[in-house]
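So you can see what is in the structure, the chains are spelled out below.
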Amino acid sequence: ILNVEQSPQSLHVQEGDSTNFTCSFPSSNFYALHWYRWETAKSPEALFVMTLNGDEKKKGRISATLNTKEGYSYLYIKGSQPEDSATYLCAFLAPGGSRLTFGEGTQLTVNP
Amino acid sequence: EAQVTQNPRYLITVTGKKLTVTCSQNMNHEYMSWYRQDPGLGLRQIYYSMNVEVTDKGDVPEGYKVSRKEKRNFPLILESPSPNQTSLYFCASSPRLGLDGYGYTFGSGTRLTVV
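Listed in order, the protein sequences are those of chains E and Y.
This note's numbering applies: residue 1 is where the first sequence begins, and numbers increase by one.
This note's numbering applies: residue 1 is where the second sequence begins, and numbers increase by one.
Just so you know, the hints here were simulated from the structure itself, not pulled from any lab data.
Everything numeric in this text was worked out from a predicted model, so none of it was measured.
Subject to a maximum C-alpha distance of 27 Å in a straight line, what follows is the list of computed BS3-like cross-link-like pairs (lysine-lysine):
1. K57/Y to K42/E
2. K65/Y to K42/E
3. K69/E to K58/E
4. K69/Y to K17/Y
5. K42/E to K71/Y
6. K57/E to K42/E
Could you build the full structure based on these sequences and the hints that come with them?
The structure is reproduced here in structure tokens:
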């Protein structure tokens with residue numbers, strides 16, 4: 001079973017703060033890294049799918065970077081808002097892989 | 001609307017009583033998968049299907065069965081549910097897993113309690 005680790009487990013920030021969290025994955029045998037946002041009482045929604053080393057993707061105030069050589073990805077949120085409160089999941093796919101392996105997530109709470 | 005539909009949303013059942021959780025997608029996706037979510041354990045894959053009539057075990061397949069007779073449907077079957085199968089279940093689909101730019105589309109989840 002592949003090991004995908006996310007840190008921190010939980011995070012509380014104030015509205016307007018910028019924040020970031022980490023996803024670590026096996027650096028060998030990489031194909032793709034996914035990020036999902038999961039709000040309470042809803043289902044996870046895809047944010048980014050990243051495949052190239054050095055990739056950087058952005059959606060509004062949320063961005064992500066990828067380092068496949070060292071096996072990590074960062075998710076950044078600029079100027080956090082209460083509606084950003086959610087659990088952020090990353091998931092790893094190996095080449096020829098048939099399934100995504102998920103980390104346990106980072107639970108973000110943005111206080112107004 | 002493109003979506004993955006799971007039913008039921010909530011289910012309380014008794015040990016040993018066979019049940020089926022249905023999953024249907026209207027996006028013509030080839031790949032479908034079932035996950036369970038338990039506190040402190042993250043999303044763990046139960047079964048997946050690469051296409052019609054092609055299914056395989058994930059990380060935690062014991063106690064579950066699936067079938068993929070049509071592209072749109074991927075039901076999860078618990079032949080004899082036990083309390084350790086109490087969990088939140090998600091169905092997900094994708095055009096083709098690994099295809100650049102395509103993540104999973106998740107269903108709304110099924111919260112199952114086995115007493």
